[in-house]
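Enquirer: Listed below are the residues making up each chain.
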Amino acid sequence: MASLKSIKKRIVSVKNTRQITKAMKMVSAAKLRRAQENVVAARPYAKKLGEVLQRLAKSQDSSGSPLMEKREGGKALLIVVTSDRGLCGGFNANICKAADRFAKERGAEFTELSMMTIGRKGHEFLKNRHTIQKNYANILGSLNYQTAALIARELIEGYIAEAYDEVFILYNAFKSVMSQDITLEQLLPVTPAVSAEEEYAPEYIYEPSKGALLDELLPKHIEVQIFKSMLESVASEHGARMTAMDSASKNANEMIGKLTLQYNRARQAAITTELMEIISGAESIKG
Amino acid sequence: MAEKLKVELVTPYKKVLTEEVDEITATGALGEFGVLPGHAPFLTSLKIGELSFKKDGVVSHLALNWGYFEVEDDKVTVLVETAERADEIDLERAKAALGRAEEALKKLSPEDKSFRIYEAALERAAIRMQVAAKAARK
Numbered sequence: 001m002a003s004l005k006s007i008k009k010r011i012v013s014v015k016n017t018r019q020i021t022k023a024m025k026m027v028s029a030a031k032l033r034r035a036q037e038n039v040v041a042a043r044p045y046a047k048k049l050g051e052v053l054q055r056l057a058k059s060q061d062s063s064g065s066p067l068m069e070k071r072e073g074g075k076a077l078l079i080v081v082t083s084d085r086g087l088c089g090g091f092n093a094n095i096c097k098a099a100d101r102f103a104k105e106r107g108a109e110f111t112e113l114s115m116m117t118i119g120r121k122g123h124e125f126l127k128n129r130h131t132i133q134k135n136y137a138n139i140l141g142s143l144n145y146q147t148a149a150l151i152a153r154e155l156i157e158g159y160i161a162e163a164y165d166e167v168f169i170l171y172n173a174f175k176s177v178m179s180q181d182i183t184l185e186q187l188l189p190v191t192p193a194v195s196a197e198e199e200y201a202p203e204y205i206y207e208p209s210k211g212a213l214l215d216e217l218l219p220k221h222i223e224v225q226i227f228k229s230m231l232e233s234v235a236s237e238h239g240a241r242m243t244a245m246d247s248a249s250k251n252a253n254e255m256i257g258k259l260t261l262q263y264n265r266a267r268q269a270a271i272t273t274e275l276m277e278i279i280s281g282a283e284s285i286k287g
Numbered sequence: 288m289a290e291k292l293k294v295e296l297v298t299p300y301k302k303v304l305t306e307e308v309d310e311i312t313a314t315g316a317l318g319e320f321g322v323l324p325g326h327a328p329f330l331t332s333l334k335i336g337e338l339s340f341k342k343d344g345v346v347s348h349l350a351l352n353w354g355y356f357e358v359e360d361d362k363v364t365v366l367v368e369t370a371e372r373a374d375e376i377d378l379e380r381a382k383a384a385l386g387r388a389e390e391a392l393k394k395l396s397p398e399d400k401s402f403r404i405y406e407a408a409l410e411r412a413a414i415r416m417q418v419a420a421k422a423a424r425k
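Protein chains in written order, with our numbering: chain U, 1 to 287; chain D, 288 to 425.
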């Protein structure tokens, strides 16, 4: 049996760990609430923009914009949104595995597949396995729309220069605190969701013109998509970290309980042996 | 005809405004326009400019930065990157930005890449000041 002192030491160390995980859980909970609010706030904008785009695209006969045109080339770019920091359970591992799977399953469709990572963790995992074109790290902490717009602009320039013919984004969509959905979306070429039923479409007045509106709207659409993905990912990250830290704290509690039991047993055993020695000593003197 | 326009103004950060108004004016790609209830379906892009709406005889102003304006069935949807109510505008900051942009523009030629950026900054600052001034006059 381990010595009393060593058990005591372990109890103290586990208690320290519990303190840290508890604190991290609290921090994540606070951050999660903010991130969640951001996601909810961004959703109406993204939704409305999607609706406008859909309406414009429907009435536009041919795909006039280069951003909507399907090209035959086979170069694909996958954007993987991860987190900058670890200690959030399977959050990063899952998304990286999904990226791996994507490369394995659909890699054959493309002549070339490169990746772009947002977040430090994804870059660390993927850099030795795939071609990483670019990595954006440390932008998720203070996420704003301008950053997303910057990335979008770069993507569009690359797309128009035919550096890649298809762009996908892989991220953790925020479903609830406990669960995240790994989501794969196609960013480019833009394929607006077409509603099946042929509803009555009122005749719109367009200013300046449909084509010009669409040309302006498409880049915005991509910006919003990226912004939304990053927001969702951040919220998911905090949710994942909160759950991970919660279960870590629970485990620590369990461990402390077990160790305390062990400690008490060892102490009792020591007392018993000591008593035995005294009694047997006294007996021998009597005799 | 007690109709009103249902206005929704959203930015990527939040829903700025949901209101029923009598009249709304904004600066579109082809110039300023006004919308009253019963307007035909209409979609336009917005420039950096001012949006004002009238509700129960009271006119309110907002400074906008690039966006979309849609009317359908007396529902107005405005999608913009930023929107500031007159009382949210930091006049000092706008003045400083105006000064900075003017300085930068003096040094640049119209061919420079950053010329457009500073020009836009100038417009934004000017609009903010204009909106703030209108609110102050009331």
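It should be emphasised that the hints constitute simulated quantities derived from the structure, not laboratory data. You may find that some hints are simply not true.
Derived pair list, reagent style DMTMM-like, types lysine to aspartate or glutamate, alpha-carbon separation capped at 20 Å [what the hints assert, rightly or not]:
#1 U:8 x U:254
#2 U:210 x D:359
#3 U:58 x U:157
#4 D:301 x U:51
#5 D:400 x U:69
#6 U:210 x D:337
#7 U:210 x D:357
#8 U:48 x D:360
#9 U:210 x U:109
#10 D:400 x U:154
#11 U:48 x D:410
#12 D:421 x D:337
#13 U:47 x D:360
Enquirer: Compare the structure with each hint and give your call.
Expert: Verification of the hints:
no.: 1; hint: U:8 x U:254; in the structure: holds, 15 Å
no.: 2; hint: U:210 x D:359; in the structure: holds, 16 Å
no.: 3; hint: U:58 x U:157; in the structure: violated, 25 Å
no.: 4; hint: D:301 x U:51; in the structure: holds, 18 Å
no.: 5; hint: D:400 x U:69; in the structure: violated, 28 Å
no.: 6; hint: U:210 x D:337; in the structure: violated, 23 Å
no.: 7; hint: U:210 x D:357; in the structure: holds, 13 Å
no.: 8; hint: U:48 x D:360; in the structure: holds, 16 Å
no.: 9; hint: U:210 x U:109; in the structure: violated, 34 Å
no.: 10; hint: D:400 x U:154; in the structure: holds, 16 Å
no.: 11; hint: U:48 x D:410; in the structure: violated, 26 Å
no.: 12; hint: D:421 x D:337; in the structure: holds, 11 Å
no.: 13; hint: U:47 x D:360; in the structure: holds, 19 Å
Hints 3, 5, 6, 9 and 11 from the list above are not met by this structure, while the remaining hints are.
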